[in-house]
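Following the working numbering, the numbering of the sequence shown begins with -9 at its first residue and continues without gaps.
Hints listed in this document are in silico derivations from the structure and should not be mistaken for laboratory results.
There may be inaccurate statements among the hints.
Have a look at the derived ranges for each label pair, beta carbon to beta carbon [to be verified]:
{"no.": "1", "residue 1": "0", "residue 2": "92", "range": "32 to 38 Å"}
{"no.": "2", "residue 1": "94", "residue 2": "49", "range": "19 to 25 Å"}
{"no.": "3", "residue 1": "125", "residue 2": "55", "range": "16 to 22 Å"}
{"no.": "4", "residue 1": "96", "residue 2": "4", "range": "18 to 24 Å"}
{"no.": "5", "residue 1": "17", "residue 2": "76", "range": "35 to 41 Å"}
{"no.": "6", "residue 1": "72", "residue 2": "117", "range": "20 to 26 Å"}
{"no.": "7", "residue 1": "104", "residue 2": "70", "range": "20 to 26 Å"}
{"no.": "8", "residue 1": "4", "residue 2": "98", "range": "23 to 29 Å"}
{"no.": "9", "residue 1": "69", "residue 2": "102", "range": "15 to 21 Å"}
{"no.": "10", "residue 1": "70", "residue 2": "117", "range": "32 to 38 Å"}
{"no.": "11", "residue 1": "13", "residue 2": "77", "range": "31 to 37 Å"}
{"no.": "12", "residue 1": "1", "residue 2": "94", "range": "38 to 44 Å"}
{"no.": "13", "residue 1": "52", "residue 2": "103", "range": "33 to 39 Å"}
Just so it is clear, CB atoms sit at the ideal spot from N, CA and C, and this is done for glycine as well.
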Amino acid sequence: MINVDTTLNNEGFLMGIGSIVRNSFDQVIAAISKPMKGRFSVKEIEAKAISYCLHWLKDINCVIYFIEIDALNVSQSVHNPPHHYGRFHDLIHDIIYQISSFTGISLSYVCRSANSVAHGLARYALRMDTDIVWRTVCLALIEAIVVDERVH
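Work the whole structure out from these sequences, hints included.
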């Protein structure tokens, strides 16, 4: 399972992507915090984050069956693609295309509280200059990020 979330800084020029991958025993097997610069709408950055994370999963040869996001409009658009054109439309179609390369994968909307670890990783990305990727041994730092997120 992968959880994906994003956050924006106050000025709106810097975005953070956070994602955590867990196995069927709920153990963390990978995580990423990625800062990005640019101007996107909230729904575009949420879609861009999912697209980026699906590419990342392919790059690390990670098999998943569930994607959980707290962006209802993105979830609805993936399940019922928009019929107009634009950046958001293109991102949704990229997500649909990437999902098709995974066997038996599903994308689900979850409430924000169920996505707090991914959100904490996204907030962490705002303080970084480069991508931070953890594989297998990442529990201590992720737990610290989760605790920090609960305090805020």
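Cross-check of the supplied hints:
1. 0 / 92: 32 to 38 Å: holds, 36 Å
2. 94 / 49: 19 to 25 Å: At roughly 20 Å between Cβ atoms, residue 49 and residue 94 fall inside 19 to 25 Å, so the hint holds.
3. 125 / 55: 16 to 22 Å: Taking Cβ atoms as reference, residue 125 and residue 55 lie about 19 Å apart, which means the hint holds.
4. 96 / 4: 18 to 24 Å: Given about 31 Å between the Cβ atoms, the range is violated.
5. 17 / 76: 35 to 41 Å: Check passed, 39 Å falls within 35 to 41 Å.
6. 72 / 117: 20 to 26 Å: violated, 34 Å
7. 104 / 70: 20 to 26 Å: holds, 22 Å
8. 4 / 98: 23 to 29 Å: Since the Cβ atoms of residue 4 and residue 98 sit about 28 Å apart, the hinted range of 23 to 29 Å holds.
9. 69 / 102: 15 to 21 Å: holds, 19 Å
10. 70 / 117: 32 to 38 Å: Given range 32 to 38 Å: holds, Cβ gap about 36 Å.
11. 13 / 77: 31 to 37 Å: holds, 34 Å
12. 1 / 94: 38 to 44 Å: 41 Å Cβ-Cβ, so the 38 to 44 Å window holds.
13. 52 / 103: 33 to 39 Å: Since residue 52 and residue 103 have Cβ atoms about 25 Å apart, the given range 33 to 39 Å is violated.
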